[in-house]
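Novice: This is what each chain is made of:
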Amino acid sequence: MAKKLPAVDAVMVGVGWTGGILAAELTRAGVSVVGLERGPSRDSNIEFAFPHIRDELKYGIRFGLAQDVSRDTLTFRNSAEQTALPMRQLGSFLLGSGTGGAGAHWNGQTWRWTPYDFEILSQTRARYGQGAIDEDMQIQDWGVTYQQLEPFYDKFERTAGIGGKAGNLQGKIQAGGNPFEGARASEYPNPPMKRSQLGDLFQTATQSMGYHPFPGPSANMTQAYTNPDGQSLGACMYCGHCERFGCDYNAKASPNNTVLPTAMATGKFDVRHNANVVRVNMDSSGKRAVSVTYIDLLTGEEIEQPADMIFLTSFTFGNVKLLLVSKIGDVYDPVTNKGTVGRNYTYQLSAGAGGTLDDKDLKVFAGAGAESVVIDDFNGDHFDHTGLGFLHGGSISASSSGARPIQSNPGGAAWGSAWKHAAAQAYNHSVGIGAQVSSLPFRSNHLDLDPTYRDAYGLPLVRMTFDYRGNESKRSQYLTAITTKILTAMGAKNVVGRGLPEHYSIVPYQSTHNQGGAIMGMDPSTSVVNPYMQHHQVSNLFVVGASSFPHNSGFNPTGTVGAMTYRLADALIKRYLKNPGFLT
Amino acid sequence: MSDANERRKFLKGLGLAAVSLGIGSVAEPPVEAQAQPAAPPAMPAMPAATPAGASPYTYVFFNSTESAFVEAAVARLIPKDDLGPGALEAGVAYYIDGQLAGWYGEAGRWYWQGPWQQGTPQQGYQLPLKPSEVYRAAIPLINDYTQKQFKADFADLSAAQQDTVLSGLEKGDIDLGRLPARTFFAFLLQNTKEGFFADPTYGGNAQMVGWKLIGYPGVQPSYSQIIEQYTTPFPMTYASIGSYTEDNPR
Chain F
1 MAKKLPAVDA VMVGVGWTGG ILAAELTRAG VSVVGLERGP SRDSNIEFAF PHIRDELKYG
61 IRFGLAQDVS RDTLTFRNSA EQTALPMRQL GSFLLGSGTG GAGAHWNGQT WRWTPYDFEI
121 LSQTRARYGQ GAIDEDMQIQ DWGVTYQQLE PFYDKFERTA GIGGKAGNLQ GKIQAGGNPF
181 EGARASEYPN PPMKRSQLGD LFQTATQSMG YHPFPGPSAN MTQAYTNPDG QSLGACMYCG
241 HCERFGCDYN AKASPNNTVL PTAMATGKFD VRHNANVVRV NMDSSGKRAV SVTYIDLLTG
301 EEIEQPADMI FLTSFTFGNV KLLLVSKIGD VYDPVTNKGT VGRNYTYQLS AGAGGTLDDK
361 DLKVFAGAGA ESVVIDDFNG DHFDHTGLGF LHGGSISASS SGARPIQSNP GGAAWGSAWK
421 HAAAQAYNHS VGIGAQVSSL PFRSNHLDLD PTYRDAYGLP LVRMTFDYRG NESKRSQYLT
481 AITTKILTAM GAKNVVGRGL PEHYSIVPYQ STHNQGGAIM GMDPSTSVVN PYMQHHQVSN
541 LFVVGASSFP HNSGFNPTGT VGAMTYRLAD ALIKRYLKNP GFLT
Chain R
1 MSDANERRKF LKGLGLAAVS LGIGSVAEPP VEAQAQPAAP PAMPAMPAAT PAGASPYTYV
61 FFNSTESAFV EAAVARLIPK DDLGPGALEA GVAYYIDGQL AGWYGEAGRW YWQGPWQQGT
121 PQQGYQLPLK PSEVYRAAIP LINDYTQKQF KADFADLSAA QQDTVLSGLE KGDIDLGRLP
181 ARTFFAFLLQ NTKEGFFADP TYGGNAQMVG WKLIGYPGVQ PSYSQIIEQY TTPFPMTYAS
241 IGSYTEDNPR
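Chains as they are written, first to last, in full-length UniProt numbering: chain F, 1 to 584; chain R, 1 to 250.
The set of hints was computed from the structure by calculation and includes no laboratory data. Note that CB positions come from ideal geometry on N, CA and C, so glycine has one too. Keep in mind that a hint or two might mislead.
[What the hints assert, rightly or not] Here are a few chain R residues that face chain F, going by a calculated C-beta distance under 8 Å:
no., residue
1, Gln113
2, Asp163
3, Tyr202
The shape of chain F in the complex, shown without the other chains (with noise of 0.2 Å):
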């Protein structure tokens, strides 16, 4: 028989990005909130100090900051002819797990999408007609739009202290910005990245090629910084060390810096760590949560949290996975395509080229996770599609996000006095321009729960069904094409493409972009929550991050996922806690 505890107003099941976002936001208009975090607690000011940070053996290679996977993981299959089989080891993408989530260890890139995202299936049926989508791509309206997100990009932005220029401030394109982004209220809190000679070299090539290069958006500050919550931020000093790592210089925007302290100060939100989440508890009329049950990692005791809203903030497969055990809602069925939960699982895909300039020094152990050059030309639908046989595309850029030395793994022969060779003349002068390509949603890509495997607690992995389907390849090749040709612009020799292989694998590092599984939607019969996350049959339940988006663009997420969390907490504040119901 669980404990039970005294009932508080809001539980968060996850202490990220999207619970440190609520909870600041929440505990501030006077509701006491729980967050309960798997992982251990994490005194940043400790745990990522220098120089004991800058481990690449710990923390990039060993995954120090993330998740153990012993204790709960995913199975994998391509398609549902195969049997799922356990993701032993991390790999594919990087699970946070401790205070801040991933959130601690990200790179620091923070987009806004285009406005085109929000509205794929309208804007393509009306630009293309109904016979460019494939019949099994399952491309959706969101039920939110880029002009009803624009201001919680913009406090997004200020918060995690964003440096970037704008390239469209009220409808004027600005020099120097993102000609086709959507249009910005006000410029970013702070200036742009210094840039790179890779940087350099790429702003030359694609100006010369009609493009219209612009500096990346970063979370790496590019200047000492306070946020309007008084959070205060330390300067980049572009030490190479964003990804997997913590940031020693307090420079790189995570909830461990921003939203949670803002949290903590109010004295009304409790943490507990070690504090897995196995269920959400539902009222016998199935349309009211009343509690969530944790296992305490540290006693091993079930313990019952009651609460009058109920928040998944966990990572996607977290959500997902919560939702299923929970048996909330319809399971989703790629054969019927009926049931929503599992629903439109996307990732984030790449192209790209790689080559040699052997005449500079690139010194490519410098940099910042989001130090970057990036051209959005081909990216959404910003070009004509037409006869193509795809949909979106990708961003394109030249990233110095510091080169490693392990994960680097330079020269081309795998080993012998020739890898050596090629290694040390490798190292400072290989060059890559890659593209983040979109992952567009299609009937047999989903989640759902596995029938054997099972985590350490007793429940059921999440089982991921995926594999690149129709449009991805035809997409990569021609994304791949361009990276060639500005590679080669840059004066590179050797240059070579990296397109898509023929079929997803689990194993290398790609991205920790997964969307989808609870997605948006104004429809029920094909969406789990809607345009405020909120669940569309239980109105105290509401399921945050990008495990609502209803496909993936040529971006990273946490931009979307941050302005989709404050739009969230406005709306509750504004509207939900006077009078507590569905929320449109």
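Once you've looked at the hints, dock chain R against the given chain F.
Specialist: Chain R alone, transformed into the frame defined by chain F:
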């Protein structure tokens, strides 16, 4: 003198000889004469003399057969050559020993529940073997193979023979029975490169030789100026985590 002897002489000179092996205290017979596996010494070998300032390394995971294999293998994967020290000289065998003795070797953060089933390459590693168990299972099988082929353990083969064997493991041409040779080779190569490029705190990359080889300056407080003033030469003063900590100067 065989390559194996050269390596061991080098280690002895550094004062880094593995005391559990008693390296240098037993004369190596030439490879050709080693028709049978060498009989174990009757008495434990005495620790090698250690010059002042150098610490000896004692293997904690590997037994003497295993450490001889790993020392020989890493010396071929990243050899000492005209560019300078290789993986052996960098202490990579010690690095791997330490890793296998710790939570990595025990797959401490890997999902470890059955049922076990081989999947597709896209589904990743599915053997019920921890990294430490892969080494423990593979090394005797490889020595069995080299005994059949060359009448010597891998560690006592010529460099060219060792390269042939490593190549055969890499391509999966050598049959290790129930253990996939390519799986073991992939562990060995990955761990060797880790040890060559990881912070020296972990026992490899001695004197930061891996970083110096490629021009990676290691642990520096800031590159704020370098990022845009990239034509200004960067003073390459290499530093490791230990360079900043009093109790562990390196």
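Novice: A separate judgement is required for each hint: does it hold in the structure or not?
Specialist: To see whether the hints hold, each was checked on the structure:
no.	hint	verdict
1	Gln113	holds (6 Å)
2	Asp163	holds (7 Å)
3	Tyr202	holds (6 Å)
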